[in-house]
Amino acid sequence: SAVISQKPSRDICQRGTSLTIQCQVDSQVTMMFWYRQQPGQSLTLIATANQGSEATYESGFVIDKFPISRPNLTFSTLTVSNMSPEDSSIYLCSVSITDEQYFGPGTRLTVT
Amino acid sequence: SQKIEQNSEALNIQEGKTATLTCNYTNYSPAYLQWYRQDPGRGPVFLLLIRENEKEKRKERLKVTFDTTLKQSLFHITASQPADSATYLCALARFNQAGTALIFGKGTTLSVSS
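Protein chains in written order, with my numbering: chain A, 1 to 112; chain B, 1 to 114.
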């Protein structure tokens, strides 16, 4: 298993600004994932981040809007850039260990 | 594109009964399927994984079936308890160039009353 922490747990931001979300894992993992969960909706994969390579983005998500860093095997960041109210959501990171995924507690973002 | 449907948004049952949740999928043949539990304000928690060559899997009071012909999985909680009240998510494994990612259904919110 894995224990994942995220910072911040929540934030309220003004439109046009950017927020960087941090994800820390208690063990070394190859693959990390970033998801978005909009109110009343399920999880939507934003991108897959492997250490040492560029993140792979899902359809509808682009690097300019959601740049991701993966500097080592236990840490990743997701930036939500030039925010608009439509970006209000919960952002979760997760890791995959032997086909099971473990999730962080999420970052609740509100854009005003 | 792949589509997952959990055909009940909400399910209300009495304590002690068996809860049965359904997950249907289209346009895909997943190597495995998973079920997660999500409580309000928290990330999903892994419950069970079932592979395409497995018909059924059990863990304590939980049972999952996987019918690749019907493209359907059923998730059962026997002897349900109020503490089982949560949202349950079905997820399919999808392989892409970056590795294996999960596609989630919208979830079924289960309420168990005492």
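These are calculated hints, taken from the structure and not from any lab test.
Note that the structure is predicted; figures quoted are calculated from it, not measured.
Misleading hints may appear alongside valid ones.
Interface residues of chain A toward chain B, partial, derived using beta-carbon atoms under 7 Å [stated by the list, open to error]:
1) P39
2) S42
3) G60
4) I63
5) D64
6) I97
7) Q101
8) L109
Cβ coordinates follow ideal geometry from the N, Cα and C atoms, glycine included.
Earlier hints that do not hold, by number: 1, 3, 4, 5, 6, 8
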